[in-house]
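**Q** In case you want the letters, here they are:
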Amino acid sequence: MTQANEIQMEQLGAVTLLDIRGDITILSESFLNDAYEDANNQGAGKILLKFQEDAYINSGGISVLIQLLAKTEQNAQQIGIIGLSDHFTKIFNMVGITKFAKIYKTREDALEAMS
Amino acid sequence: MNQILDDQTIEINLPSKVGYERVAMASAAALARLGGLAPERVEDLKSAVAEACINAMQHGNNWRPEARVVVHMDVSADRFIVSVTDQGDGVPEVPKYPGIEKIIEEKVSPRGLGVFMIQQLVDKVNFNQTADGGHTMTMEIRSTK
Numbered sequence: 000m001t002q003a004n005e006i007q008m009e010q011l012g013a014v015t016l017l018d019i020r021g022d023i024t025i026l027s028e029s030f031l032n033d034a035y036e037d038a039n040n041q042g043a044g045k046i047l048l049k050f051q052e053d054a055y056i057n058s059g060g061i062s063v064l065i066q067l068l069a070k071t072e073q074n075a076q077q078i079g080i081i082g083l084s085d086h087f088t089k090i091f092n093m094v095g096i097t098k099f100a101k102i103y104k105t106r107e108d109a110l111e112a113m114s
Numbered sequence: 000m001n002q003i004l005d006d007q008t009i010e011i012n013l014p015s016k017v018g019y020e021r022v023a024m025a026s027a028a029a030l031a032r033l034g035g036l037a038p039e040r041v042e043d044l045k046s047a048v049a050e051a052c053i054n055a056m057q058h059g060n061n062w063r064p065e066a067r068v069v070v071h072m073d074v075s076a077d078r079f080i081v082s083v084t085d086q087g088d089g090v091p092e093v094p095k096y097p098g099i100e101k102i103i104e105e106k107v108s109p110r111g112l113g114v115f116m117i118q119q120l121v122d123k124v125n126f127n128q129t130a131d132g133g134h135t136m137t138m139e140i141r142s143t144k
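As given, the protein sequences belong to chains W and B, one line each in that order.
Count the first sequence with numbering that gives the first Met the number 0 and you get residues 0 to 114, in order.
Count the second sequence with numbering that gives the first Met the number 0 and you get residues 0 to 144, in order.
Treat the hints with caution; some may be incorrect.
Okay, the calculated beta carbon distance ranges per label pair [to be verified]:
1) W:Leu11 with B:Asp6: 19 to 29 Å
2) W:Ser29 with B:Glu139: 48 to 58 Å
3) W:Asn40 with B:Ala29: 40 to 50 Å
4) B:Thr8 with W:Thr88: 27 to 37 Å
Now the stretches of chain W that chain B is said to cover, found in silico as 3 or more residues with beta-carbon under 8 Å [said to hold, decoys possible]:
5) 34 to 40
6) 53 to 60
7) 68 to 74
Read the hints as simulated data drawn from the structure, not as lab findings.
Note that this is a predicted model, so its numbers are computed, not measured.
Every residue gets a Cβ at the ideal spot worked out from N, C-alpha and C, and that includes glycine.
Given only the sequences and the hints, what does the whole structure look like? Please build it.
**A** Shown next as C-alpha cells:
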C-alpha cells in the first residue's frame, strides 16, 4: 500500500500557503519535510498549512507534524492551520499542537490574523 | 480466540502492514453506524481503532506481515466494544505520552502518542496478555458522551 501527498505552495502576501492533498501518516514525512524546506529556503516567516477536511490523520502523521513544528519553532516561524474537520481539530487540541500552531476556521480568517 | 460471533459481532483478521488499519477502521465505522452510535462517537471510534491496530502491528508484531492482528467488534444499544489482539508479547509498560513541549523543546521521542489518543477518545481501555503469548487492547466507547 503506497501513499503520496501532493503539496502546492502559494505565496499570499506575507503568508506562505502549503496546500496538502491526501492523508497524513508516517508516509507523509518526506513530502511534508520537502515542502517545508522549500518554503524555508524561500524565507517563509509565516506558514499556513491547509489540510483536506476528509483526510485521514493518524498518530504517525501527527508525529511528523510535531517534528515539523520543532523546526518552525527553532526558526521562529508562525504557523497556522486550516481545513481540519471538527474531529481532528479536537485531536490537535488534545495532543497539544495548538500550543505551537493556531487553527483557523477559514482561509480568510487565517490570512487576516497572520498578515 | 474462539468467541461466539452473532449478528452484533464482527471479526477481522489483518496482516501487519502499513495502511491495513484502515480496513478495521472502515468496518468499525460501518458497524457503529448500524448500531446507532452518534456521528461524533463514530469519528472517535475510527481513530481509536486505527491507533490500536497500528500499535498492534508496530509494537506487538514488529511489522512482520505474516503476524496477524485480530479485531473483534461487538455493538449493542448503548456501547461499542472492540478488542485488538496481536501475536507479540505486548509492551511491558504502556508508554506515556511525554507531551508536545518535551518533544519539541527537549527532542524527546513522541512514543506513546497513539495510546494517549486512544485513552482520550474512548471511555474505557484495558491491556491484557493472552494465553498464547499475544497482547489484547480492549476499548469501550459509549453511544453518546
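**Q** For this structure, which hints from the list above don't hold up?
**A** Per hint list: 1, 2 and 5 violated.
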